[in-house]
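Novice: Kindly generate the complete structure, drawing on both the sequences and the hints.
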Amino acid sequence: ELKVEQNPLFLSMQEGKNYTIYCNYSTTSDRLYWYRQDPGKSLESLFVLLSNGAVKQEGRLMASLDTKARLSTLHITAAVHDLSATYFCAVEASTSGTYKYIFGTGTRLKVLA
Amino acid sequence: NAGVTQTPKFRVLKTGQSMTLLCAQDMNHEYMYWYRQDPGMGLRLIHYSVGEGTTAKGEVPDGYNVSRLKKQNFLLGLESAAPSQTSVYFCASSYSGSGRAYNEQFFGPGTRLTVL
Numbered sequence: 001e002l003k004v005e006q007n008p009l010f011l012s013m014q015e016g017k018n019y020t021i022y023c024n025y026s027t028t029s030d031r032l033y034w035y036r037q038d039p040g041k042s043l044e045s046l047f048v049l050l051s052n053g054a055v056k057q058e059g060r061l062m063a064s065l066d067t068k069a070r071l072s073t074l075h076i077t078a079a080v081h082d083l084s085a086t087y088f089c090a091v092e093a094s095t096s097g098t099y100k101y102i103f104g105t106g107t108r109l110k111v112l113a
Numbered sequence: 001n002a003g004v005t006q007t008p009k010f011r012v013l014k015t016g017q018s019m020t021l022l023c024a025q026d027m028n029h030e031y032m033y034w035y036r037q038d039p040g041m042g043l044r045l046i047h048y049s050v051g052e053g054t055t056a057k058g059e060v061p062d063g064y065n066v067s068r069l070k071k072q073n074f075l076l077g078l079e080s081a082a083p084s085q086t087s088v089y090f091c092a093s094s095y096s097g098s099g100r101a102y103n104e105q106f107f108g109p110g111t112r113l114t115v116l
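Protein chains in written order, with our numbering: chain A, 1 to 113; chain G, 1 to 116.
All the pointers check out, no bait thrown in.
FRET-style restraints, in silico, Cβ to Cβ: (1) D26(G) to L2(A): 26 to 34 Å; (2) L116(G) to P39(A): 22 to 30 Å; (3) G16(G) to A69(A): 44 to 52 Å; (4) L69(G) to S96(A): 17 to 25 Å; (5) L116(G) to V80(A): 36 to 44 Å.
No wet-lab data here; the hints were simulated from the structure. In this text the structure is predicted, and so the values were computed from the model without any measurement. For each residue, glycine too, the CB sits at the ideal point set by N, CA and C.
Specialist: So this is what it looks like as structure tokens:
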């Protein structure tokens, strides 16, 4: 059974600081997605990571994928208040030709001014 | 281009009542999904569909039924609602898995359901 674990679950950080969110998964997959969710809102796609060593950056966020370690990271550089949200990773898995997604439990990030 | 839409946005039910949640997408996606989101548990897959006329069970299918009579619509039904089904329900859609580099999911705005 595919499991996806994120840590930390909650993260409170000061503006200007750096931090990393980790996403570990339990089976072979080379497609991993990061989403952002604002309170009371839907999920918005942030990054699509498709292969080992993939790195994507958008503003103060950078995501990477290590398929051998079954690990993805979301790094936050010089955090600002607008980054406060819940971040989810999702792993795409194939079973008998059907594709499904398993989501991590999410990391609730709060950036303090 | 509306993307993925969900109806209704909010609903309050009494235990034992039934209802149907409607999801519609205008992106010609093959795959559609229903998730529920509960505090501290992320998103859990209820049912999904890989094409018109097909449905399959996800992680937490009990108490729910689905239908995909048209490619653009995916319905989620609760036959006899229970308080444990109080949750936020999200619909999503994506292109089919095979032959594509990736299959990014697009999410609807969600339906907040309370069962008393």
